[in-house]
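Engineer: Here is how the chains run, residue by residue.
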Amino acid sequence: MPNGASATRYSPVAQLLHWVIAALIVTQFALAWTADDLPLGVHKLALLARHKSFGMTVLMLAVVRLLWRWRNPPPELPAGMKPIERRLAKATHVAFYFLLFAMPLTGWMMSSAKNYSVSWFGLFTWPNLISQSDGAFIFLRGTHEVLSDALFAIAVLHILAALKHHFWNKDDVFVRMLPFTKSEKRP
Amino acid sequence: MIRRVALSVVIGFAAVAALPAAAAAASYVADPAASHLDFTGVQAGAEFKGTFRKFTAAVDFAPDALASAHFDVQIDLNSIDSKDNDRDKTIRGPDIFDVAHFPTAHYVTRSFTKTATGYTAMGALTLHGVTKDVPINFQFVAAPATAKLEGTASLKRLDFGVGQGDWKSTEWIADAVKVSFSLSLKPKP
Chain H
4 MPNGASATRY
14 SPVAQLLHWV
24 IAALIVTQFA
34 LAWTADDLPL
44 GVHKLALLAR
54 HKSFGMTVLM
64 LAVVRLLWRW
74 RNPPPELPAG
84 MKPIERRLAK
94 ATHVAFYFLL
104 FAMPLTGWMM
114 SSAKNYSVSW
124 FGLFTWPNLI
134 SQSDGAFIFL
144 RGTHEVLSDA
154 LFAIAVLHIL
164 AALKHHFWNK
174 DDVFVRMLPF
184 TKSEKRP
Chain S
953 MIRRVALSVV
963 IGFAAVAALP
973 AAAAAASYVA
983 DPAASHLDFT
993 GVQAGAEFKG
1003 TFRKFTAAVD
1013 FAPDALASAH
1023 FDVQIDLNSI
1033 DSKDNDRDKT
1043 IRGPDIFDVA
1053 HFPTAHYVTR
1063 SFTKTATGYT
1073 AMGALTLHGV
1083 TKDVPINFQF
1093 VAAPATAKLE
1103 GTASLKRLDF
1113 GVGQGDWKST
1123 EWIADAVKVS
1133 FSLSLKPKP
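For the protein sequence lines, the chains are H and S, in the order given.
By the working numbering, the letter at position 33 of the first sequence is numbered 36, and the numbering carries on one by one without gaps.
By the working numbering, the letter at position 119 of the second sequence is numbered 1071, and the numbering carries on one by one without gaps.
No wet-lab data here; the hints were simulated from the structure.
The structure displayed is predicted, hence computed values, not measured ones.
Hints may be right or wrong, so weigh each one.
[Said to hold, decoys possible] Heads up, simulated EDC-like pairs for lysine to aspartate or glutamate below, C-alpha to C-alpha not over 16 Å straight-line:
1) Lys1035(S) - Asp137(H)
2) Lys47(H) - Asp1038(S)
3) Lys1066(S) - Glu1102(S)
4) Lys85(H) - Asp174(H)
5) Lys47(H) - Asp1118(S)
6) Lys1130(S) - Asp1038(S)
7) Lys93(H) - Glu79(H)
8) Lys1108(S) - Asp1085(S)
9) Lys1035(S) - Glu999(S)
10) Lys47(H) - Glu1123(S)
11) Lys1130(S) - Asp1118(S)
Turn these sequences into a full structure, and let the hints steer you where they fit.
Structural biologist: Here it is in structure tokens:
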């Protein structure tokens, strides 16, 4: 298998992308929740500036990740999984990939609609996707929030499923995404 | 020979005497419907543009009469529009423009010089109760009875105390602000 991938484990690159994006998403929730409670001020601007920079980072990494996945297909699910479980796992992963793009894109459009252009860590400024519009901003903010709720729910499901695989099924579904481990628990 | 020298001297004196009469600046005012005064700030690393919806500009100018040129511009700071009500409210508030105490900004020129591409005016800007010199670079294009005046300036907001408390920090809001204007001038009534 090329690039360190095997039939039973994710490649180190896929693992790195998974955990970096996961850490960024946790940070994104923390930044957004903190900023939501603040009045418009320097502190809120600073938090949201970081939120936007991290969000655009997620968008770029999502592109890399999808390309990597296309060139390096992930390992098969354990043979013992039921069809309903396979469908649920597939649906969760499709939803994750959809949200990895939809969250940053709706955020980027929100910023454009409010005429607060998105800078990437002050290094460069992304072009506005749409022109300023109060109506579009309100709609996009609502969409961004609903999608973030969906992302939170799916992430909880994803984590519970990983733990269930590890502790209940005792298969390697969790471990094969963990760096510096070996998949030996495969039934 | 003497007659020719004398004639030249006379013509010379006549020309000099005629100069001030020829070099009077024409008086204009900006047509509000066709003029705009914009600014560009930098917030969290990204530029944002805004405009002042209400301002008046009295312009005395002629390219051959820089000595008698004069601009007087009054800007209604309440009329700021940065395409976001929350931001406009914050800028009008006590920590930034403090429009309750300083509702207008005022710019008055003192001197003019010709440059390679147009003109530079040196003048004093009074903003937020502070008066400081700010040069502006501009082009002037005269048409029959009307004229077009377009130019730019850049200033540092903190020179004028624009940004108190947390807003003094330049980490998220840059100190430098660019100003640009395009005035459609019509004869002063």
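Engineer: Look at each hint and say if it fits the structure.
Structural biologist: Taking the hints in turn, this is what the structure says about them:
1. Lys1035(S) - Asp137(H): Given that 16 Å is the threshold and the Cα spacing comes to 9 Å, the pair holds.
2. Lys47(H) - Asp1038(S): holds, 13 Å
3. Lys1066(S) - Glu1102(S): holds, 15 Å
4. Lys85(H) - Asp174(H): With Cα atoms ~14 Å apart, Lys85(H) and Asp174(H) stay inside 16 Å; holds.
5. Lys47(H) - Asp1118(S): holds, 11 Å
6. Lys1130(S) - Asp1038(S): The given pair, whose Cα atoms are some 21 Å apart, is violated under the 16 Å limit.
7. Lys93(H) - Glu79(H): holds, 11 Å
8. Lys1108(S) - Asp1085(S): holds, 11 Å
9. Lys1035(S) - Glu999(S): It holds: about 13 Å lies between the C-alpha atoms, which stays within 16 Å.
10. Lys47(H) - Glu1123(S): holds, 13 Å
11. Lys1130(S) - Asp1118(S): violated, 21 Å
When the structure is compared with the earlier hints, violations turn up for hints 6, 11 and for no others.
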